[in-house]
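Protein chains: 2
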Amino acid sequence: MATIRDVAKLAGVSVATVSRVLNKNGYVNSETEQKVRKAMQQLQYEPNAVARGLAGKRTGTIGLILPDISNPFFPELARGVEDVAQRSGFTVILCNSDDQGPKEKLYIEVLKKKYIDGIIFASNTLVQEDIEQMKRDNLPLVVLDRASSHEAYSVVRSKNFEGAKMAVKHLLEIGCSKVAHLYGPQELITAKDRLRGYEDVAKHFGWFSPSLMIPGYFRIDGGMAAVEELLSRHPDVDGIFAGNDLMALGALKGLKRRGIKVPEQIAICGFDGISLTEIAEPELTTVAQPIYEMGELAASILIQKIETAAAVSELFELDVKLIQRDSTQKKVMR
Amino acid sequence: MATIRDVAKLAGVSVATVSRVLNKNGYVNSETEQKVRKAMQQLQYEPNAVARGLAGKRTGTIGLILPDISNPFFPELARGVEDVAQRSGFTVILCNSDDQGPKEKLYIEVLKKKYIDGIIFASNTLVQEDIEQMKRDNLPLVVLDRASSHEAYSVVRSKNFEGAKMAVKHLLEIGCSKVAHLYGPQELITAKDRLRGYEDVAKHFGWFSPSLMIPGYFRIDGGMAAVEELLSRHPDVDGIFAGNDLMALGALKGLKRRGIKVPEQIAICGFDGISLTEIAEPELTTVAQPIYEMGELAASILIQKIETAAAVSELFELDVKLIQRDSTQKKVMR
Numbered sequence: 003m004a005t006i007r008d009v010a011k012l013a014g015v016s017v018a019t020v021s022r023v024l025n026k027n028g029y030v031n032s033e034t035e036q037k038v039r040k041a042m043q044q045l046q047y048e049p050n051a052v053a054r055g056l057a058g059k060r061t062g063t064i065g066l067i068l069p070d071i072s073n074p075f076f077p078e079l080a081r082g083v084e085d086v087a088q089r090s091g092f093t094v095i096l097c098n099s100d101d102q103g104p105k106e107k108l109y110i111e112v113l114k115k116k117y118i119d120g121i122i123f124a125s126n127t128l129v130q131e132d133i134e135q136m137k138r139d140n141l142p143l144v145v146l147d148r149a150s151s152h153e154a155y156s157v158v159r160s161k162n163f164e165g166a167k168m169a170v171k172h173l174l175e176i177g178c179s180k181v182a183h184l185y186g187p188q189e190l191i192t193a194k195d196r197l198r199g200y201e202d203v204a205k206h207f208g209w210f211s212p213s214l215m216i217p218g219y220f221r222i223d224g225g226m227a228a229v230e231e232l233l234s235r236h237p238d239v240d241g242i243f244a245g246n247d248l249m250a251l252g253a254l255k256g257l258k259r260r261g262i263k264v265p266e267q268i269a270i271c272g273f274d275g276i277s278l279t280e281i282a283e284p285e286l287t288t289v290a291q292p293i294y295e296m297g298e299l300a301a302s303i304l305i306q307k308i309e310t311a312a313a314v315s316e317l318f319e320l321d322v323k324l325i326q327r328d329s330t331q332k333k334v335m336r
Numbered sequence: 003m004a005t006i007r008d009v010a011k012l013a014g015v016s017v018a019t020v021s022r023v024l025n026k027n028g029y030v031n032s033e034t035e036q037k038v039r040k041a042m043q044q045l046q047y048e049p050n051a052v053a054r055g056l057a058g059k060r061t062g063t064i065g066l067i068l069p070d071i072s073n074p075f076f077p078e079l080a081r082g083v084e085d086v087a088q089r090s091g092f093t094v095i096l097c098n099s100d101d102q103g104p105k106e107k108l109y110i111e112v113l114k115k116k117y118i119d120g121i122i123f124a125s126n127t128l129v130q131e132d133i134e135q136m137k138r139d140n141l142p143l144v145v146l147d148r149a150s151s152h153e154a155y156s157v158v159r160s161k162n163f164e165g166a167k168m169a170v171k172h173l174l175e176i177g178c179s180k181v182a183h184l185y186g187p188q189e190l191i192t193a194k195d196r197l198r199g200y201e202d203v204a205k206h207f208g209w210f211s212p213s214l215m216i217p218g219y220f221r222i223d224g225g226m227a228a229v230e231e232l233l234s235r236h237p238d239v240d241g242i243f244a245g246n247d248l249m250a251l252g253a254l255k256g257l258k259r260r261g262i263k264v265p266e267q268i269a270i271c272g273f274d275g276i277s278l279t280e281i282a283e284p285e286l287t288t289v290a291q292p293i294y295e296m297g298e299l300a301a302s303i304l305i306q307k308i309e310t311a312a313a314v315s316e317l318f319e320l321d322v323k324l325i326q327r328d329s330t331q332k333k334v335m336r
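Those sequence lines, one after another, are chains A and B.
Per our numbering, the first sequence starts with residue 3, numbered consecutively.
Per our numbering, the second sequence starts with residue 3, numbered consecutively.
Derived from the structure by calculation, the hints contain no laboratory data.
Identical copies look the same in the list; a pair holds intra-copy or inter-copy alike.
Each computed BS3-like pair below joins lysine-lysine, with the alpha-carbon atoms no more than 27 Å apart:
{"hint": "1", "residue 1": "Lys161", "residue 2": "Lys194"}
{"hint": "2", "residue 1": "Lys171", "residue 2": "Lys194"}
{"hint": "3", "residue 1": "Lys180", "residue 2": "Lys161"}
{"hint": "4", "residue 1": "Lys323", "residue 2": "Lys194"}
{"hint": "5", "residue 1": "Lys107", "residue 2": "Lys40"}
{"hint": "6", "residue 1": "Lys332", "residue 2": "Lys161"}
{"hint": "7", "residue 1": "Lys114", "residue 2": "Lys11"}
{"hint": "8", "residue 1": "Lys37", "residue 2": "Lys11"}
{"hint": "9", "residue 1": "Lys255", "residue 2": "Lys180"}
{"hint": "10", "residue 1": "Lys40", "residue 2": "Lys114"}
{"hint": "11", "residue 1": "Lys255", "residue 2": "Lys194"}
{"hint": "12", "residue 1": "Lys105", "residue 2": "Lys40"}
A quick note: this is a predicted structure, and the numbers were derived from the prediction, not measured.
Could you build the full structure based on these sequences and the hints that come with them?
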């Protein structure tokens with residue numbers, strides 16, 4: 003394999019000149035640059051990205067740590083990140099952390115050792131210590147969706163609290179007289195904000211009881227289990243706001259298995275806006291986040307940080323939108 | 003940051019000894035190893051995985067190139083790979099190639115430069131040239147699911163041809179009198195084998211016509227578009243074998259939109275066995291691949307190749323299984 007020395011020799015220039023061409027820093031006149039590029043081509047020289055990484059140069063790679071690629075929300079987010087990255091000449095490496103703190107730490111370590119230029123992190127378990135470390139390592143960081151604070155890095159997320167309120171109000175508007183909430187793990191700021199939003203609206207009504215808030219996981223089987231629990235506590239419930247769309251799909255499935263009609267007997271509203279909500283029967287009403295745009299924005303911010311070495315920390319909270327479908331079709335008022 | 007020299011100095015041993023401890027090769031007595039480990043701890047020395055990569059040592063990282071993480075088949079496959087990798091002390095880096103040849107080539111290049119120990123590839127566009135190059139680079143390779151040949155690397159896939167035949171026979175057995183096939187892109191060996199399987203059974207029947215084979219994409223909207231085309235060609239069709247489960251979900255959605263009842267008017271069978279088939283209404287009959295096990299097997303083989311440097315090339319074809327659900331519930335014979 004050709005080395006940088008071989009290229010320099012063939013081009014008749016110094017190794018330092020080749021390096022300047024490779025890393026696009028320092029002045030090289032265009033004739034010399036041409037000679038170097040021609041020599042690289044002739045020798046099929048591939049600049050070693052890792053070695054350049056070692057020397058503190060950019061490697062053109064971004065790490066994206068996702069908590070659960072089996073939740074369609076994250077592949078859609080990843081698509082936005084990848085499209086922007088590609089347009090800017092970066093490739094994206096994915097890690098799937100399963101929402102497990104130790105795995106996330108491990109992936110950060112692995113990515114750092116692979117000399118990536120920055121990390122986009124969609125996680126609940128990033129702790130202050132990790133952030134401080136990345137700051138010391140001078141590793142640009144953007145946190146997507148789930149961050150609880152926004153010190154020392156930029157955060158992109160959507161308006162979970164407001165969106166939850168929209169969902170509950172919508173269920174009441176269509177005539178529901180008792181609305182429950184199936185909520186996700188409270189380590190996740192998204193799950194927490196949506197629960198807060200539910201409570202903020204529901205607590206003012208006579209039908210409200212804390213036992214209408216049912217814990218669960220952000221998965222289909224999580225929704226199925228939670229709806230079972232709900233029906234045993236409150237057989238008279240007629241509206242469900244699920245903490246995310248997968249839970250809503252699970253709740254729908256659980257209700258169907260029991261022969262309960264949606265929306266006639268119980269109306270359901272999810273959160274996220276994944277495309278599976280259109281596959282469900284009936285199609286699911288959901289509070290849609292601008293998923294793809296969140297990914298795009300996160301990538302744009304990260305790349306800007308990488309390219310300008312700017313240490314800005316901003317919080318971007320994107321608007322959500324209620325998409326009404328058959329699962330909350332207007333009910334006859336009781 | 004501490005270097006290997008600092009560790010050697012503090013431990014009072016040679017750099018070569020520290021290297022032997024790090025890479026677990028060559029003899030080091032346990033007292034010396036203890037001293038070295040203590041020095042590493044004291045200095046917070048982190049063996050630089052990339053530098054070790056440069057020196058030809060293992061980095062403990064596997065690359066997994068997936069064609070489309072928005073198809074739930076692949077996250078489930080990835081889960082199998084990750085679980086086995088984790089048990090063996092490897093971490094997995096994912097790349098999402100969108101079934102695009104140029105992107106796949108790019109990811110191979112990126113992964114190679116990141117000094118990974120091996121690649122698992124689920125692709126249709128891997129060409130002989132890429133394979134030869136990886137062979138020259140001595141990069142262990144396992145190809146999952148979609149490979150067209152199995153020279154120079156091991157292949158894990160399931161019995162697509164046989165599975166397709168099972169699907170068509172099943173639709174005929176439940177009383178369908180005219181069975182169509184919505185097939186996926188023919189660059190994919192899986193799509194090709196399933197189409198072959200369909201034809202192999204269907205061509206013996208009087209109702210068969212090549213126009214019953216409708217091209218489409220392995221996505222939900224691909225199934226929706228293909229079923230539209232099918233109904234315009236053959237309004238009297240009463241059985242559909244879709245090339246994968248996402249297409250089957252799309253076909254189901256398309257039929258529902260037109261008010262056509264499944265399975266009463268048209269029965270549907272998919273292929274893959276993703277869990278979304280249980281969410282559909284009616285639940286979808288499918289030819290299930292052992293998805294998770296395929297991922298596990300691929301990872302086991304790759305790790306064995308990495309650890310033993312064995313250049314074996316084997317083909318593993320796993321059995322598939324018909325799972326009958328409501329979308330092909332027994333029809334009244336006409």
